[in-house]
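Turn these sequences into a full structure, and let the hints guide you.
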Amino acid sequence: FFSGFGMAPYAPECAACPASPPKWVSTGVVKTSTTQASVQCLKAAACLLGRAGPCHLPFELIHIVIQYLKEFLGKKLTSLKGHSGPVLCLSVFHEHLFSGSDDTTIRMWRADGSCLRVLKPHRSAVRCMTTWNRRLLSGSGDGTVRVWNRKGDEIKALISKHGPVLCMTSTRDHLFTGTVGGDVRMWNTNGDLVKEMLGHTGGVWCLTTFKGHVCSGSTDGTIRMWNQRGEAIGVLHGHRETVCALVGLGDTLCSLSLGSTLRVWGPDGDFLRERQCNRDRCMTVLTGTLVTGSVDRTIRMWEGLEEVSQASRTPPEVALGQGLTLTSAPREFRAHNSPVLCVAAFGRYLLSGSEDGEIGLWG
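For the sequence shown, the positions run 9 to 371 when our numbering is used.
Derived from the structure by calculation, the hints contain no laboratory data.
Only a predicted model underlies this, so the values are computations on that prediction, with no experimental measurement involved.
All the pointers check out, no bait thrown in.
Okay, derived cross-link-like pairs now, DSS-like style, lysine-lysine, Cα gap no bigger than 27 Å in a straight line: (1) Lys-128 - Lys-89; (2) Lys-203 - Lys-164; (3) Lys-128 - Lys-164; (4) Lys-159 - Lys-89; (5) Lys-169 - Lys-203; (6) Lys-219 - Lys-203.
So the derived label-pair ranges between C-beta atoms look like this: (7) Lys-164 - Thr-295: 32 to 40 Å; (8) Gly-207 - Val-126: 32 to 40 Å; (9) Arg-118 - Glu-162: 13 to 21 Å; (10) Asp-161 - Phe-279: 41 to 49 Å; (11) Gly-82 - Asn-141: 32 to 40 Å; (12) Ser-87 - Lys-159: 21 to 29 Å.
By construction, the Cβ of each residue, glycine as well, lies at the ideal position given by its N, Cα and C atoms.
Here it is, written out as structure tokens:
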């Protein structure tokens, strides 16, 4: 994603950075050493942490600072602008960021925030992306799934005549797509339909893989679990509205619903805990921490992960479940000027896409 460590000693000074790093930076936040690169990192850290405005040091050096930091700060490093419609999905693929939008385009971004290419293969909103067999796949409301290489060149339309593709996930041998009609479809690498997995009575809004299984969330309020052959192995009840996001976190499966509830399930689908949210709609996992994005324009970090053996000692009002425990209220910060529609993690960076077409890069 970045490759600037060797450039750090030669990076130009930031006019806004102090001549020497404050003591609180060098002792409390950043791991230090005596190299010139570390001195530069400390200066950049002082600038990043101590100023409300942007730091003018090169992106390569800011990246090194992020790697030195002991924790995610929730600091916006840059904004990526170019989409004329809401950003619906994000994916990092071979050192570039790809974003899909309601404006029907996919944009390919460099690490410094500049747009490298604008891809216009779809005739409707690009609703989802995933990586599979060293390729990037995009799914659209136009009923197609298209395959891309690392340079942003289209290889082929893997699937056509699907109906709106709402979500995707994959295992080693198969791709799974969610449909408005409520079925989950299994495809092979040639784009042949292998199986229609029936059971939901409403559209399938989200898919993920968890502990070797495929999990689907639907407008019918249920989560269904399938084995890799596409056979139903369980139904999880409890949400009263559309299940809009699913993600695995260690030994737990986390689910979000439009009713603003976060539920946590065990590896066998047993219900563990429920937590009220504030219109959260999307989520990801950033270095072991659950992160959600909300219609209220904020990002929340559900911190405080503890070992399973400690969960039993946690008060029930703050325990989210086996392997996921809230030691305090979720940390939150204002992310955008409009609803947050998607979030993605890459290493120690967080990416967020909003309804106004902006993408935020956070560190």
